[in-house]
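**Q** Following the hints, put chain Y in place on chain U, whose structure we already have.
Heads up: the protein sequence lines correspond to chains U and Y, in order.
Okay, so the first sequence: first residue is 1 according to my numbering, each after it adds one.
Okay, so the second sequence: first residue is 1 according to my numbering, each after it adds one.
These are computed hints drawn from the structure, not numbers from a lab.
Here are the simulated DSS-like pairs of lysine-lysine, each with C-alpha atoms no more than 25 Å apart in a straight line:
#1 50/U with 107/U
#2 145/Y with 72/Y
#3 398/Y with 135/U
#4 150/U with 50/U
#5 60/U with 107/U
#6 393/Y with 135/U
#7 404/Y with 121/U
#8 135/U with 404/Y
#9 135/U with 400/Y
#10 303/Y with 404/Y
#11 58/Y with 39/Y
#12 145/Y with 202/Y
#13 398/Y with 121/U
#14 118/Y with 225/Y
#15 144/Y with 404/Y
#16 101/Y with 201/Y
What follows is each chain in one-letter form.
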Amino acid sequence: MLNIKNLEATIDNKHILKGLNLNIKPGEVHAIMGPNGSGKSTLANVLSGKNGYEIKGDIKYNGESLSELSTEERAQKGIFLAFQYPLEIPGVNTNTFLRTSLNSVRKAQGDKELDTLTFLKLIKEKASELGIDEKFLSRQLNVGFSGGEKKKNEILQMKLLQPKLSILDETDSGLDIDALKIVADGVNSYKSKENAFLIITHYQRLLDYIKPDYVHVLSNGKIIKTGDADLGVQLEKTGYSNIV
Amino acid sequence: MKQNYDFKIDKIKDLTSEEISLRKKNLDLFYQTGFPNKKDEDWKFSDLNSILSNNFNKIANNDFLPREKEFKIIDEFEHNFISLFNGKLISKDFPYEEKNKILINNFNYKDGLALDSKNSLYLLNNALATGGFSLEISKNYKLKKPLVVYNNFSNSLKEKIVNYKNSIILNENSELNIINYINNSSKENFMVNILENINIKKDSSLNNILINNSKCNCYFYKYIKSDLEKNSNFKNYLLSSGLKFNKLDIEINLNEENSNSSVFSALNLINKEHQEIKTRINHNASNCNSYQKVKNVLNDESKGVYQGKIFVKNIAQKTDAYQLSKALILNDAAEFDAKPELEIYADDVKCSHGSTSGSIDLNSIHYLKSRGIPENEAYQMLINGFLSEILEKLPEGKIKNFLKEKLERQINGY
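Pulled out of the complex, with its shape left as it was, chain Y reads as follows:
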């Protein structure tokens, strides 16, 4: 779809000539390959180029901020918030916290544009990104309430791509729970391309949740690169059903000993939705744990993909790595692809992976029906049971209830 790009760096305001030239270099590199396609091993099951060609006439970078009515705010639990509108930081509030412990700013592009030719979406982001935020939590500070990052998108983004970058730093012995909330219910096709850098310093802990408020015609890509220091924790809960296309690409670097990471995902896909979770866990130090559990329910003509790689460096002894993907396929036209990969250079490690896919257990359906539960509800109960297991490890409370309720709504079709 190369001929249909309308990407203009001069739409972006306040750039130095140096920045312009660096962005141009990135854009030129992007043009050499275009959007990723299935020839690229990382995109083997998700041919973004042809998906976009089939659904977009042309694609242009977003350059304006139309005024729009207020977006829906979560009222189920008390929270701090950062609100982005088409990627731009428009408001923030940390009413429950000590203000001087939290640093929040617009993302600083002056030092964030490295060239990386492996991933063309990365290049495109480098060329066109505006907005985004950088957040830093002070040493020894544990946020009292969760932080909701509202990713609001206007309804006038037809055939636009929104690119931005975020940076999150948790300094030593700090703690944060983030809920990334994608807020849009537009019928228009648009694309989002986010790069996020996460730094979790010694003894710190981050819970990262991704969720949508409703269905939307968004083609979404998010690349999260995270680096963990000693004794740190990073947990991800990916519950973003409802996007037309979604690829969550997560790189976790366990750089120092005793750090732990996990990725839990529960997705219920319908119609022609296409979602991919890709994880790359790099065990670069000893005594680290990693855990991934990905569950997909595939209805209609939907497609789910899980590509998970665990890399264990030679010095990373006593690594404990686990990966499991389970899919329920409810229709012959639905598809699930899994590609687990282990690359291990240390000898004293515990690594396991597994992948299963199957259909729903009809005996269980019969059991529920024999108790008077209508068939469609019986299916929903089983699907919900299958997916909600992902939330089991979250502590009981308002957030868990909120996520459970969201998941149920996603299964019942919003």
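Pulled out of the complex, with its shape left as it was, chain U reads as follows:
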């Protein structure tokens, strides 16, 4: 599904990714761990198509070169990034945003756009699965939401848009245990043979709930070690310094 070959990324003259290779197949869950500043969030930003990076190397998504796709086209084709810091957008109603988003994706995929009533029914259902109070949906997007509420809102968007590849950028940060469980349940219930996950995290904590097939250690812009779920457990005990 995703094939990254020798990816390099530079921003503001800082060389951050320095030859990263990664292959993700449908149905797989990959975790990327690594110390601060290793390039984890840069990888997420580059995959989402954020402007400002100078990119070398090759990223193929279902055989198509990502560099030719705009951010919105990537999203429409099923790439989803759950942001580390979801943005607060004053004046934009959460429901309106969610509906515009869903309908943009549906339209691009050749599906019929949902009318307000059908949408509201759907979103209520999805929100209650994640324990999100309905009143959040009528508030301004992420404005005044707590850290946990923002992260839940990201997972809600994931479940609504039904992406093929979901990238979770430190979704566990700022979550208490209850919220972490809800988020993990949200991810686990969405996992299937057709879709894949790339989970970026500092800690093993989230991986206790979402079992990865592969754990990669990212350091200084490269993946320096790959293993199975046990690697994450080991890292939690020994820290990065033994590997890096």
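**A** Chain Y in isolation, oriented as in the chain U frame:
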């Protein structure tokens, strides 16, 4: 552009010789300065004289009422209406109200022509105004439905100026919501110059909304002078994007204690549109509040101006005055000028003002795009979010929805 005026008082019918001479005096005074230009501090950022010179060959006062097809009526909510056609009161209907509680007439010019040499548009209005209305709401009467004032303008006003005066009086403990609706979609250049006097008596409340139905090549000026008595409220919502030139000049006199006023404005300007909001809030009594929040989005080569002055008289203790202007500038060729002024002579007051301008947050755009929303829609969402905040304080309902929808249409280019 002085040589290109074609102003004739004798075009105006049914004037007494006294009125003619007073109007002539006003016109002579106007001729001494002509249209306001940037040398005048109040017009520093909006040089009307050169704007008109660049867009009009000559300018004449309007003297006829051509027959024209019906204008579009608002059907989104039930309302009373006053319909003006090129300034002249042509119809009115208050089907939801007790008829004897509302007095509506043609504006009476017999007692409305004071000389005021400070503002030459005021003088020109005094000289040439015809039409307009005067409205009076009886004591203890609260209108059940809003009043729409249709300001219809015909498509045959090429290079004409329309001048009129309105007067609105809310007697004690009365309530009124007005929607001033500018109805024209003409490609012809014309100018409108309106003077409006508003009197809000004790315990009364007026909501005043200004909005356009579409883009038009109108050069618009409206001066609103308002006087508030004890415990009264005056709220303004200025949403009149789409005019070629627009200056809304609002004077609010808080003359007795516990009166409140606010001015909210949300404008999305495109092409070479030029709009100025000017407010002058006079705190003449204690314990009054005033609040102004002006938001502008500037595209293309548009220009937005906000001049806001708060004056606090020495006796106006416990004044609470707040002023904020925010602009989003989306193009290097667009411009926004702000001139906040505080003049305070009382010592126990709370006054604050602020002004910011910036560009759109690209991280927010990225966030929206990462959810599949196309770039242009992402921009529109953010602009709409920025401006629609102005409507937040309006109660939920059909009017708010109507205004939201109008604002969205203005942002999406009608």
